[in-house]
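Student: So the chains spell out like this:
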Amino acid sequence: MNGEGLLFLFGVVASAVLLFAMVFFIIMFSDLECDYINPIDLCNKLNQFVFPEMAGHAFLTLLLLLNGSWWAFLLNAPLLAYHIQKVAKQRHMYDATEIFRTAPENKRECFMKLAFYLLSFFYYLYRMIVALLADD
Amino acid sequence: MPQLTQQFSQTSLAGSPAGAGSYYGSQGSLAAPQSLHQHVNLLSGPQTIDFEASTSVIEKTLPSSRSASQSPTSNCAPVWKRSTINSVPTTQQVLNKSRIPFGLLVKPYRQLLPGEEEVPVINAPQVVRCRRCRTYINPWVTFIEQGHRWKCNLCFLTNDVPSFFDWNPDTRQNVDRMQRPELTHAVVEFVAPQEYMVRPPQPVVMLFLIDVSFNAIQSGMVAAASKAILSSLQSIPNTEDRTKIAIITFDSNLQFYNLSSVLNEPQMLVMSDHADPFLPQPYDLLVSLTESMSQVQSLLGKLPEMFKHNTDPGHCLGTGLTAARKLISPIGGKIIVLSNSLPNTGEGSLKMREDVSLLGTNKETTLLHPQTAFYKNLAVTCSPSQVSVDMFLFSNDYADIATLNGCAKFTAGATYYYKAFNAKRPEDSVKFTTELSHFLGRALGLEAVLRIRASRGVKMTAFHGNFFLRSTDLLSLPNVSTDNAYAVECQLTETIVSPLVCFQTAVLHTSSNGERRIRVLTLALNVTTSIADVFTSADQVAIASLLAKKGVDRTLTSKIEDARDAIQHKLIDILGAYKQSMTSSGQAGQLLTPANLRLLPLLCLGLLKMNAFRDTATIPSDLRSYWMALLYVFPADMIAMAIHPQFYALHTVLDADAQPPMAKDALGRLPMPKQLNLSSERLDRQGVFLLDNGVELFLWVGSAVPPATVHALFDRPSVDQVQVGKASLSPTSAQTPPLGRVVRDLIAQIRADRMRQMTLWPHLYIVREDGDPSLKTWFLSHLVEDRYEKMPSYPQFLNQIREGLAKYSSG
Numbered sequence: 001m002n003g004e005g006l007l008f009l010f011g012v013v014a015s016a017v018l019l020f021a022m023v024f025f026i027i028m029f030s031d032l033e034c035d036y037i038n039p040i041d042l043c044n045k046l047n048q049f050v051f052p053e054m055a056g057h058a059f060l061t062l063l064l065l066l067n068g069s070w071w072a073f074l075l076n077a078p079l080l081a082y083h084i085q086k087v088a089k090q091r092h093m094y095d096a097t098e099i100f101r102t103a104p105e106n107k108r109e110c111f112m113k114l115a116f117y118l119l120s121f122f123y124y125l126y127r128m129i130v131a132l133l134a135d136d
Numbered sequence: 001m002p003q004l005t006q007q008f009s010q011t012s013l014a015g016s017p018a019g020a021g022s023y024y025g026s027q028g029s030l031a032a033p034q035s036l037h038q039h040v041n042l043l044s045g046p047q048t049i050d051f052e053a054s055t056s057v058i059e060k061t062l063p064s065s066r067s068a069s070q071s072p073t074s075n076c077a078p079v080w081k082r083s084t085i086n087s088v089p090t091t092q093q094v095l096n097k098s099r100i101p102f103g104l105l106v107k108p109y110r111q112l113l114p115g116e117e118e119v120p121v122i123n124a125p126q127v128v129r130c131r132r133c134r135t136y137i138n139p140w141v142t143f144i145e146q147g148h149r150w151k152c153n154l155c156f157l158t159n160d161v162p163s164f165f166d167w168n169p170d171t172r173q174n175v176d177r178m179q180r181p182e183l184t185h186a187v188v189e190f191v192a193p194q195e196y197m198v199r200p201p202q203p204v205v206m207l208f209l210i211d212v213s214f215n216a217i218q219s220g221m222v223a224a225a226s227k228a229i230l231s232s233l234q235s236i237p238n239t240e241d242r243t244k245i246a247i248i249t250f251d252s253n254l255q256f257y258n259l260s261s262v263l264n265e266p267q268m269l270v271m272s273d274h275a276d277p278f279l280p281q282p283y284d285l286l287v288s289l290t291e292s293m294s295q296v297q298s299l300l301g302k303l304p305e306m307f308k309h310n311t312d313p314g315h316c317l318g319t320g321l322t323a324a325r326k327l328i329s330p331i332g333g334k335i336i337v338l339s340n341s342l343p344n345t346g347e348g349s350l351k352m353r354e355d356v357s358l359l360g361t362n363k364e365t366t367l368l369h370p371q372t373a374f375y376k377n378l379a380v381t382c383s384p385s386q387v388s389v390d391m392f393l394f395s396n397d398y399a400d401i402a403t404l405n406g407c408a409k410f411t412a413g414a415t416y417y418y419k420a421f422n423a424k425r426p427e428d429s430v431k432f433t434t435e436l437s438h439f440l441g442r443a444l445g446l447e448a449v450l451r452i453r454a455s456r457g458v459k460m461t462a463f464h465g466n467f468f469l470r471s472t473d474l475l476s477l478p479n480v481s482t483d484n485a486y487a488v489e490c491q492l493t494e495t496i497v498s499p500l501v502c503f504q505t506a507v508l509h510t511s512s513n514g515e516r517r518i519r520v521l522t523l524a525l526n527v528t529t530s531i532a533d534v535f536t537s538a539d540q541v542a543i544a545s546l547l548a549k550k551g552v553d554r555t556l557t558s559k560i561e562d563a564r565d566a567i568q569h570k571l572i573d574i575l576g577a578y579k580q581s582m583t584s585s586g587q588a589g590q591l592l593t594p595a596n597l598r599l600l601p602l603l604c605l606g607l608l609k610m611n612a613f614r615d616t617a618t619i620p621s622d623l624r625s626y627w628m629a630l631l632y633v634f635p636a637d638m639i640a641m642a643i644h645p646q647f648y649a650l651h652t653v654l655d656a657d658a659q660p661p662m663a664k665d666a667l668g669r670l671p672m673p674k675q676l677n678l679s680s681e682r683l684d685r686q687g688v689f690l691l692d693n694g695v696e697l698f699l700w701v702g703s704a705v706p707p708a709t710v711h712a713l714f715d716r717p718s719v720d721q722v723q724v725g726k727a728s729l730s731p732t733s734a735q736t737p738p739l740g741r742v743v744r745d746l747i748a749q750i751r752a753d754r755m756r757q758m759t760l761w762p763h764l765y766i767v768r769e770d771g772d773p774s775l776k777t778w779f780l781s782h783l784v785e786d787r788y789e790k791m792p793s794y795p796q797f798l799n800q801i802r803e804g805l806a807k808y809s810s811g
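Taken in sequence, the protein lines are chains A and B.
Residues in the first sequence are numbered from 1 upward in steps of one, following full-length UniProt numbering.
Residues in the second sequence are numbered from 1 upward in steps of one, following full-length UniProt numbering.
Everything labelled a hint here was simulated from the structure, so no lab data went into it.
Just so it is clear, CB atoms sit at the ideal spot from N, CA and C, and this is done for glycine as well.
Be aware that one or more of the hints could be misleading.
[To be verified] Here are some chain A residues the structure puts well away from chain B; computed CB gaps all over 10 Å:
{"id": "1", "residue": "G5"}
{"id": "2", "residue": "A16"}
{"id": "3", "residue": "F24"}
{"id": "4", "residue": "W70"}
[Claimed, not checked] Selected chain A positions facing chain B (Cβ under 10 Å, derived; list incomplete):
{"id": "5", "residue": "N2"}
{"id": "6", "residue": "E4"}
{"id": "7", "residue": "I40"}
Let's have the full structure, built from the sequences with the hints guiding it.
Tutor: Printed below as a string of structure tokens:
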């Protein structure tokens with residue numbers, strides 16, 4: 001297996017993990033709406049995954065850049081920029097006092113990221129297979 | 001009707017700004033009150049200032065005789081709960097078309113005014129509730145199947161009527177269920193049985209966190225506070241001797257006090273770890289008030305003396321709050337913070353960020369947002385352990401209310417602000433001691449949750465006020481203050497098929513006597529299909545109050561400019577919607593409103609001109625934040641006063657033809673004089689005027705006031721010798737002339753009422769026509785109908801509105 005194959009294999013695994021993280025976030029927000037969890041617990045739980053999610057995505061994007069996979073990098077750049085912008089404005093953490101106001105928005109954001117990770121999952125899978133075939 | 005049309009045809013002329021002079025001149029006397037279902041052309045002259053008329057609308061749209069018991073107290077009085085519209089349309093489309101924001105203002109726990117009926121307490125074998133939606137039985141349910149079952153008025157499920165409704169097992173006699181308070185009163189209190197408790201009801205816990213740093217000692221705050229607390233110890237609610245108390249003082253360190261009843265003298269324990277605040281000992285810091293009374297008294301008596309020479313400028317409020325929370329969080333309770341400067345040591349230190357060059361610019365909003373999330377996060381951790389924080393802030397310069405208010409805001413507390421406090425000035429110390437004593441002595445609810453239920457099809461979308469929102473419709477209130485009001489925004493999610501829409505607010509709380517209670521308020525509103533009914537049943541004061549609260553919210557989440565624009569746009573929207581659906585094209589040049597909304601533009605203008613929202617570079621950010629904090633918790637009647645101050649002529653109250661005559665009623669209360677329009681044209685060089693904005697009182701003295709009046713009011717021979725600024729009138733003596741006596745009584749009555757409404761003791765400022773110009777400008781800023789700084793006069797504002805309405809065509 002060549003470098004590119006390995007990279008996209010990692011991409012497939014990483015996007016699958018991020019995908020599951022988003023599913024988890026969405027489930028938690030739905031729980032909040034159904035009153036199964038209180039906002040303080042929700043924020044404490046979700047906030048510990050905010051940085052790992054961003055770091056995971058940023059690391060993957062960096063690897064794509066280093067490998068020179070321009071298309072894959074460009075695909076990920078907007079989300080990376082969005083994450084950086086959120087941290088810069090100190091809006092990346094969930095706030096228990098605002099959560100009911102922002103929950104629908106947060107949920108929509110999670111759905112969009114979910115769709116994005118799903119798309120990247122299949123794209124990386126395709127690129128991995130292409131790389132493996134090229135290797136043969 | 002011919003007269004009316006004639007009036008309309010005249011008025012299109014009066015629209016130009018040049019006509020502003022004649023606006024007051026031609027219509028010297030105030031217009032007669034208007035009846036419902038009649039347009040009012042606002043351009044025709046000033047409107048009668050009469051807010052109360054609109055509150056009787058509810059009785060007109062939905063007579064209490066339609067309730068199950070037909071009792072006159074079946075529906076909530078507006079002081080408890082009022083809706084912006086008293087006839088709810090069947091669909092959201094009609095509501096949207098009317099553009100009126102649909103919301104409620106609720107004040108579930110309040111101090112009663114003299115003459116008001118006590119809230120009935122029900123101690124029944126069982127709290128009767130709907131099986132499905134958990135609504136409490138109320139006057140608006142319907143009895144079916146020969147009265148054996150009742151139909152819930154919120155979800156329409158039928159439930160069984162318990163037997164004790166008709167049969168008293170103790171006396172073995174039939175009873176009339178229609179006499180039961182839960183069926184005759186809209187506001188009742190149930191004694192809650194065991195299943196409403198997750199733990200035994202908590203006792204009252206009060207922790208005083210007192211700043212003893214250099215500034216606090218210098219201003220005399222520590223001495224004044226110790227004295228006030230000492231004298232109110234006996235009035236703190238203390239049923240069955242359960243009340244607990246703790247005192248922590250702080251400068252750059254924390255000082256705890258061992259108040260154990262076995263000690264002769266309280267012991268001081270100093271803690272200086274800011275990184276990880278801990279309690280120096282696990283017991284005897286929080287003690288029973290009754291058992292340790294002498295230790296507490298001795299400590300409070302010595303406190304000012306102990307720190308008299310303290311020169312430590314350090315201020316570790318953040319550490320203090322963290323430690324205080326640790327101390328009382330096993331039980332819950334109240335933390336009362338008395339702080340005289342900006343925290344500068346340890347966590348939660350704040351920067352002095354006030355910058356006058358930012359005021360009035362688009363960067364101003366940054367000063368209104370908290371500079372650190374520390375205090376908000378602390379509040380979030382306080383809320384689950386039932387700890388509430390009240391802030392008494394004294395400051396010579398910058399207090400950063402925007403940041404510190406976060407503590408009170410999310411724990412259902414309140415912020416009290418004493419600018420440039422100096423205990424040597426008698427007015428300052430009277431205000432502070434009166435408010436603190438009242439604060440400590442008033443009844444309070446503990447470990448409470450508030451839930452509002454509504455008829456099917458109505459959804460609550462947003463809440464405003466001091467609380468922590470624990471789930472989509474559950475407000476967590478560690479303490480229920482008698483001052484705070486809450487606002488709710490509503491939406492219709494489906495077509496309303498029932499003839500009534502009901503809102504039920506329930507506050508489950510522990511009263512200060514250790515009983516678990518549920519206060520239930522039920523408001524029923526009429527349902528209509530016609531948009532005309534929506535307009536004619538709208539409540540202008542409630543609408544303005546809701547707009548004010550939304551404005552505060554908008555400022556804190558976005559920008560103050562957006563908040564101002566939103567208020568003005570909403571007003572234009574509402575009047576435009578009225579123009580579109582209710583007026584004909586012949587009336588296009590006029591500015592028409594329904595009679596019940598005729599003061600809405602004036603209230604909105606007042607809102608745009610008040611300290612919280614005025615577009616100016618002269619309001620310090622602390623003052624803005626303070627006013628915003630007040631608006632966010634004020635009930636509707638206080639908001640009306642804050643945005644449209646009450647203005648009275650005092651020199652004529654004793655004239656033979658004065659209306660109403662100044663005679664005390666059965667309760668010993670004086671009637672308030674007739675309210676004047678807020679315009680400087682009402683001022684008279686020979687007159688004395690009183691202006692009340694809810695928080696301050698102004699006594700305006702003309703330059704040519706007759707010496708007799710000056711003598712009666714100020715005990716001085718002539719106007720030039722009247723002291724201006726913050727002042728108090730000399731106490732009534734046997735020699736005081738009748739006018740002086742009435743005025744003093746009126747001011748005392750206003751202050752007494754205000755203490756009951758809001759725990760606010762208004763300062764009195766004397767403003768002389770020929771006195772200090774800055775004081776005069778401040779006074780004039782309250783005259784809403786006049787031009788002030790960049791803000792238009794009322795006639796100019798109405799013209800702006802009329803121009804804004806050009807894009808709406810009549811129906």
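Student: Next, verify each hint and record whether it holds.
Tutor: Status of each hint after checking the structure:
no.: 1; hint: G5; result: holds (45 Å)
no.: 2; hint: A16; result: holds (33 Å)
no.: 3; hint: F24; result: holds (20 Å)
no.: 4; hint: W70; result: holds (39 Å)
no.: 5; hint: N2; result: violated (48 Å)
no.: 6; hint: E4; result: violated (44 Å)
no.: 7; hint: I40; result: holds (6 Å)
The earlier numbered hints that this structure contradicts are 5 and 6.
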